[in-house]
Amino acid sequence: MLAHLGAMQTILEISGLTKTYAGGFTALKGVDLSINKGEIFALLGPNGAGKTTLIGAVCGLVRPTSGTINAFGEDMARNWRRLRARVGLVPQELATDMFERVQHAVGHSRGLFGLPPDPARVEEILRALSLWDKRDAQIRTLSGGMKRRVLIAKALAHDPELLFLDEPTAGVDVELRRDMWRQIELLRERGTTIILTTHYLEEAEEMADRVGIINKGEILMVDGKKAMMERLGRTEALITLAQPLDTVPEVLSAFPVSLTEEGRVLCYRGGGGEGDIGGTTEVAELTKALTRSGIDYTAIDIHESSLEDIFVDLLDGGAA
Amino acid sequence: MSLFNARSAWTIYKQELMRAFRTAMQSILAPVLTTTLYFVVFGAAIGGQMQGGMGGVNYGAFIVPGLLLLTLLGESTSNASFGIYMPRFTGAIYELLSAPVGVAETLAGFVGAAATKSLILATIILGTASFFVDFTIAHPVYAFGYILLVSASFSLFGFILGIWADSFEKLSIVPMLILMPLTFLGGTFYSIDVLPEPWRSVAMANPVVYLVNGLRWTFYGSSDVSIGISLGLTLFFLAICVTLIAWIFRTGWRLRT
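Chains as they are written, first to last, in our numbering: chain A, 1 to 320; chain B, 1 to 257.
Here chain B stands alone, though its shape is the one from the complex:
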């Protein structure tokens, strides 16, 4: 009770998941539909014409981890950011701020729920993908762990975004103008080895390259960059987000006046 209010955290978690199901069309069906379209167009239609495949596997299968990551990054970020931005926007956050709830309960609730939603989405997307393309997962346990890690990290990132944003515009700018281009250029649809220099070197500066390749490694056992570097960078990103959030709660930045 005096260090962690488990019941409060659970209440927030439940509430956030319910909010997702209330808006199931937007938060679950929409990303599933988008991903399905990608599989149909890139995986089945275009991939079918690419005889050599890519990165040593069939092209349809090759893009599965990348597409999964594309959805995970976008959805984790927007779910968590909306979750905290909406009560800030409506003023309903007064209740959270006056409750016996600190940084630990808030994160467990909001970020836990956002990450859970991402995991549910990942499961549905992989299920959907299996209808269109044949793929295998070489290291299922690592894959699950990596998906969890990425979901949690980007949910934390989204949480920061939702606290930083002071308009709906800012809320959508980061996923639309930063995250999506980085993901598209981050080797979601191609192996960065096919890029000519200097673009290959430029691509290596894109952090999403390491995320995509980390997940791709758990699927096919090989990727453009070493799994150690991918994992290290993801953990580093997670640590930065946690540090920022700890600072936000310590100073009350954009939460308490």
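If we strip away everything but chain A, and leave its shape as in the complex, we get:
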């Protein structure tokens, strides 16, 4: 694990980042976060958790109250002019000059970030996002999904090494969302580091290498998706018994089980956590023990908890 970490290069290092707005609302409470070069990082949290503020602080839209942000190994507050040229942002709102034409808008973004015109590169970006046919269309005439792609194209126009996507699939239908995921995967293959925010668990689960859970301005946990599921994951098995039981029999005391539904269902919750025994393996052991003791059962319903369950647990202040 450590050797693995050593090979990784940190592209963004946030420490002690706090933001208190003028109204007195504290959106970020001492956030520490480090992002590895080349990864897709999903910042997962409910509305108002501080995701957009965090992104805004890195990109220059929000003035941090305290804390430091280092990008590419340099202090962002000090060397902003040089560093911002290497960072791209796709905002949550579809906010751009709607009367602009697609190709021109993307070329403009490139210039704004200080790069010389490069029609070939702009064409490449537009083609990759299936916008080439719409290059002369006014942005206001495009559909919502297309508009979002224009914003992505604008953010890519200066070939950023670090790209922020704030809720890239908010309000986008399922098909477009899958398409967006493919686009993001392609970007990663080109070597772009991507930080996206989402409140769709499916999205974080599907795309991200690592997931950070944020709520009320605090990062609750950051981990690899697999590690997170292993650490907090639970196997839940519901065994419907042929005959109701009053108490859990002595022979089952070694298993994390309890009786529900007035003794008609034996509920197992285990696996994950510190022990290395897989939950499903233990359920198999459990059923053998039941058979040995002559306890008959009629059905087994077994499932692994998803990132969603972990998320809900964390937000409830349950596990962790």
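I should point out that these hints are in silico values taken from the structure, not numbers from a laboratory.
All C-beta atoms, glycine included, are put in the ideal place defined by N, C-alpha and C.
Be a bit skeptical, because a hint or two may be false.
Where chain B lies over chain A, by a calculated footprint (3+ residues, C-beta under 8 angstroms) [unchecked claim]:
#1 57-71
#2 187-195
Straight-line Cα separation of at most 25 angstroms, DSS-like style, residue types lysine-lysine; simulated pairs [stated by the list, open to error]:
#3 K37/A <-> K226/A
#4 K134/A <-> K170/B
#5 K29/A <-> K147/A
#6 K14/B <-> K147/A
#7 K225/A <-> K29/A
#8 K147/A <-> K134/A
Covered stretches of chain B (in silico footprint by chain A; criterion: 3 or more residues with CB under 8 angstroms from a CB of chain A, positions within the stretch not fixed) [said to hold, decoys possible]:
#9 5-11
#10 34-41
#11 100-112
Let chain A serve as the given structure and place chain B on it in line with the hints.
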């Protein structure tokens, strides 16, 4: 690159000028039409009845610098204010704020473009005026310099207005309710010497009087107030605007939350 991002500034400048041409009807034709109407009504019709002229020149010619200034103040202010207010309003400003662009590039782009538009307008208006009235420009170089100075100053002022405003109403209140009355009362159509006391003294408190007379001096070599005072006050106004904008960018006021 590390002090001034010339390409970014140029991109903003180009974009803003293109925006003006896209809305050419509103930003160029409208002020030209309005000014033409003034020339027809005040210059040709009423001026033709005024035998003695004003301030030592024919009345039609007398109002040329004032009308030019009326347009310059209004257009510089509204062009620059809309230029920065619109992206704030739509949210598109995120791109500017996340770009490697600071106060210098932003001003060079937005204010430079607004001032350029004003200069183009001034040229067109003077061209139009020459169809209706005969006028001369005594000090063309000073006239150009003064027009440039006023355009830049009021573009900066408009930029501040566009950042201060949080509604379309506020955006139009300042030009409509403050700038226009001050300009009308500022000696655009008359020499303040014709005013009886105490109104003459009251008029001297109107800063636009000094602007109008400064420009009038470059046209006819004489005016109600000395050119030195006019120039000094204009430069002072410019300095205030620059200071305010520097403060806005340092604190992020109404730009960065």
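- prompt: Holds or violated: K14/B with K147/A, Cα cutoff 25 angstroms?
  reply: It holds: about 23 angstroms lies between the C-alpha atoms, which stays within 25 angstroms.
- prompt: Counting residues of the stretch 187-195 of chain A with a beta carbon closer than 8 angstroms to any beta carbon of chain B, are there 3 or more?
  reply: It is violated: at least three residues are needed, and the stretch 187-195 of chain A offers just 0 whose Cβ sits closer than 8 angstroms to chain B.
query: Is K147/A close enough to K134/A, meaning Cα to Cα at most 25 angstroms?
result: 11 angstroms, holds
- prompt: If you look at each residue in the stretch 5-11 of chain B, do at least three have a Cβ nearer than 8 angstroms to any Cβ of chain A?
  reply: holds (count 5)
message: Three residues or more, CB to CB closer than 8 angstroms: is that satisfied between the stretch 34-41 of chain B and chain A?
response: Violated: only 0 residues of the stretch 34-41 of chain B have a Cβ under 8 angstroms from chain A.
Restraint status (C-alpha distance of K134/A to K170/B at most 25 angstroms): Not satisfied, since the Cα-Cα distance of roughly 37 angstroms exceeds 25 angstroms.
message: With the threshold set at 25 angstroms, check whether the alpha-carbon distance from K29/A to K147/A stays at or below it.
response: 33 angstroms, violated
- request: Verify the coverage statement for the stretch 100-112 of chain B against chain A, using a C-beta to C-beta distance below 8 angstroms and requiring 3 or more qualifying residues.
  value: Contact hint for the stretch 100-112 of chain B vs chain A: holds, 3 residues under 8 angstroms.
task: Take a quick look at whether K225/A and K29/A sit within 25 angstroms of each other, Cα to Cα.
output: It holds: about 24 angstroms lies between the C-alpha atoms, which stays within 25 angstroms.
Check of the stretch 57-71 of chain A against chain B for coverage (Cβ-Cβ below 8 angstroms, three residues minimum): It holds: at least three residues are needed, and the stretch 57-71 of chain A offers 5 whose Cβ sits within less than 8 angstroms of chain B.
- prompt: Does the structure keep K37/A and K226/A at a Cα separation of 25 angstroms or less?
  reply: 19 angstroms, holds
When the structure is compared with the earlier hints, violations turn up for hints 2, 4, 5, 10 and for no others.
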